[in-house]
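Okay, here's what each chain looks like letter by letter:
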Amino acid sequence: AQSVAQPEDQVNVAEGNPLTVKCTYSVSGNPYLFWYVQYPNRGLQFLLKYITGDNLVKGSYGFEAEFNKSQTSFHLKKPSALVSDSALYFCAVTLGGYSTLTFGKGTMLLVSP
Amino acid sequence: GAVVSQHPSWVICKSGTSVKIECRSLDFQATTMFWYRQFPKQSLMLMATSNEGSKATYEQGVEKDKFLINHASLTLSTLTVTSAHPEDSSFYICSASISSGQETQYFGPGTRLLVL
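Line by line, the protein sequences are chains D and C. Counting from 1, position 44 in the first sequence corresponds to residue 490 in the numbering used here; the numbering is continuous, with no gaps. Counting from 1, position 67 in the second sequence corresponds to residue 61 in the numbering used here; the numbering is continuous, with no gaps.
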């Protein structure tokens, strides 16, 4: 069975500092990997995805993520955090096709002024 | 593009009543729609997958008679929580996909259900 681990319940970072939100996955095949952001009482907003190609994926709002096959990781990064980045972030994985999209439990990012 | 709406965004109802939640793809035709449930500070749990004109496929542990899903057109799916009870209170999120696969899903804004 496929799974996603987000080891940190919460990440705290000061505005202007770089941020990293960790994600590791487990699938039996080539993964499709996603990051979503959720603001309070809102649905999920798509940030970026990795399907194939360049391991470094750039997405919305200055976020990027690097696919690392050997470490089965897909960490989300941003060079300079903004207070408005504070939200709940979900990593997700699927094998594509009819394979289920499996979400991690989410990581709350808090950016302090 | 690829906008998904949900209605209502908030609903409060009495125990024993039924509640219908609508999910619409506004600018594309959705081959497949998905319904998720999210408990506070937890991840999204897939409840069911629906394809237009056919019966929904429910995930293990989800009561199909409790959570009725209708996918009447390529732009509309509805989730009806029948005889709602307080334990059904949750945040329900739908998503829509242009293809049959799950890799490209566009999510709705969610519906907060509170059953008193």
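Derived by calculation from the structure, the hints in this document are not laboratory data. Heads up, some of the hints might be wrong.
[As the list claims (entries may be wrong)] In the DSS-like style, the derived pairs of lysine-lysine whose C-alpha atoms are separated by at most 30 Å in a straight line are:
#, chain 1, residue 1, chain 2, residue 2
1, C, K8, D, K495
2, D, K504, C, K14
3, C, K8, C, K60
4, D, K515, D, K495
5, C, K35, D, K515
6, C, K60, D, K504
7, D, K495, D, K523
8, C, K14, C, K58
9, C, K35, D, K468
10, C, K60, C, K14
11, C, K8, C, K35
12, D, K504, D, K523
13, D, K504, D, K468
14, C, K35, D, K504
15, D, K468, D, K515
16, C, K35, D, K523
17, D, K504, D, K515
18, C, K58, D, K551
19, C, K49, D, K551
20, D, K551, C, K60
21, C, K14, C, K49
22, C, K58, C, K8
[To be verified] Residues from chain C that keep clear of chain D, each with C-beta distances beyond 10 Å, as calculated:
#, residue
23, V5
24, G10
25, K35
26, Q36
27, V56
28, F61
29, L70
30, T72
31, T76
32, S89
33, R106
C-beta: ideal position from N, C-alpha, C; glycine also.
Now for the hints, and whether the structure bears them out:
1. Taking the CA atoms of K8 of chain C and K495 of chain D, the gap is near 41 Å; set against the 30 Å cutoff, the hint is violated.
2. Our distance criterion of 30 Å between C-alpha atoms is broken by K504 of chain D and K14 of chain C, whose separation comes to about 38 Å.
3. Annotation: proposed proximity of K8 of chain C to K60 of chain C holds, straight-line Cα distance about 16 Å (limit 30 Å).
4. Distance check on the hinted pair: K515 of chain D and K495 of chain D sit about 15 Å apart at the alpha-carbon level, within 30 Å; holds.
5. In summary, the hint linking K35 of chain C to K515 of chain D is supported, as the alpha carbons are separated by about 29 Å, within the 30 Å threshold.
6. As the CA atoms of K60 of chain C and K504 of chain D are separated by approximately 41 Å, the hinted pair breaks the 30 Å bound.
7. In summary, the hint linking K495 of chain D to K523 of chain D is supported, as the alpha carbons are separated by about 13 Å, within the 30 Å threshold.
8. At most 30 Å may separate the alpha-carbon atoms for a hinted pair to count; K14 of chain C and K58 of chain C meet this at roughly 14 Å.
9. Among the hinted pairs, K35 of chain C with K468 of chain D is consistent with the structure: their alpha-carbon atoms are about 17 Å apart, no more than 30 Å.
10. Restraint check: the Cα-Cα separation between K60 of chain C and K14 of chain C comes to about 12 Å, which is no more than 30 Å; the hinted pair holds.
11. Taken as a hint, the K8 of chain C and K35 of chain C pair is honoured in the structure, with Cα atoms around 24 Å apart against an allowance of 30 Å.
12. For the hint pairing K504 of chain D with K523 of chain D, the CA-to-CA distance comes to about 10 Å; that is within 30 Å, so the pair holds.
13. This hinted pair checks out: K504 of chain D and K468 of chain D have alpha carbons roughly 16 Å apart, not beyond 30 Å.
14. The straight-line distance between the Cα atoms of K35 of chain C and K504 of chain D is roughly 27 Å, inside the 30 Å bound, and the hint therefore holds.
15. A threshold of 30 Å between alpha carbons decides the hint, and for K468 of chain D with K515 of chain D the separation of about 14 Å falls inside it, so the pair holds.
16. Restraint check: the Cα-Cα separation between K35 of chain C and K523 of chain D comes to about 22 Å, which is no more than 30 Å; the hinted pair holds.
17. A C-alpha spacing of about 17 Å is found between K504 of chain D and K515 of chain D, which places the hinted pair at or below 30 Å, so the restraint holds.
18. This hinted pair checks out: K58 of chain C and K551 of chain D have alpha carbons roughly 25 Å apart, not beyond 30 Å.
19. Restraint check for K49 of chain C and K551 of chain D: the C-alpha separation of about 29 Å stays at or below 30 Å, so the hint holds.
20. Between the alpha carbons of K551 of chain D and K60 of chain C the distance comes to roughly 25 Å, so the proposed pair stays at or under 30 Å and holds.
21. For the given pair, K14 of chain C sits about 17 Å from K49 of chain C by alpha-carbon distance, which is consistent with the 30 Å threshold.
22. For a cut-off of 30 Å, the pair hint linking K58 of chain C to K8 of chain C stands: about 21 Å separates their Cα positions.
23. In this structure V5 of chain C is separated from chain D by more than 10 Å, as the shortest Cβ-Cβ distance comes to about 13 Å.
24. Its beta-carbon lying about 26 Å from the closest one in chain D, G10 of chain C satisfies the requirement of being farther than 10 Å from that chain.
25. Against the 10 Å criterion, K35 of chain C falls within the reach of chain D, whose nearest CB is about 8 Å from its own CB.
26. The non-interface label for Q36 of chain C is inconsistent with chain D: the shortest C-beta to C-beta separation is roughly 7 Å, within 10 Å.
27. Chain D leaves V56 of chain C outside its interface by the beta-carbon criterion, the shortest separation being 13 Å against a cut-off of 10 Å.
28. Every CB of chain D is more than 10 Å from the CB of F61 of chain C (nearest about 18 Å), matching its label as outside the interface.
29. Every CB of chain D is more than 10 Å from the CB of L70 of chain C (nearest about 17 Å), matching its label as outside the interface.
30. Consistency note on T72 of chain C: stated as away from chain D, and its beta-carbon is indeed over 10 Å from all of that chain's, at 17 Å minimum.
31. Once the 10 Å rule is applied to beta carbons, T76 of chain C is consistent with being away from chain D; the minimum gap is 23 Å.
32. Distance check on S89 of chain C: its Cβ comes as close as 8 Å (rounded) to a Cβ of chain D, failing to clear the 10 Å threshold; non-interface status is violated.
33. Not every C-beta of chain D lies more than 10 Å from that of R106 of chain C, the closest at about 6 Å, which undercuts listing it as non-interface.
Consistency with the previously given hints fails for numbers 1, 2, 6, 25, 26, 32, 33, ordered from lowest to highest.
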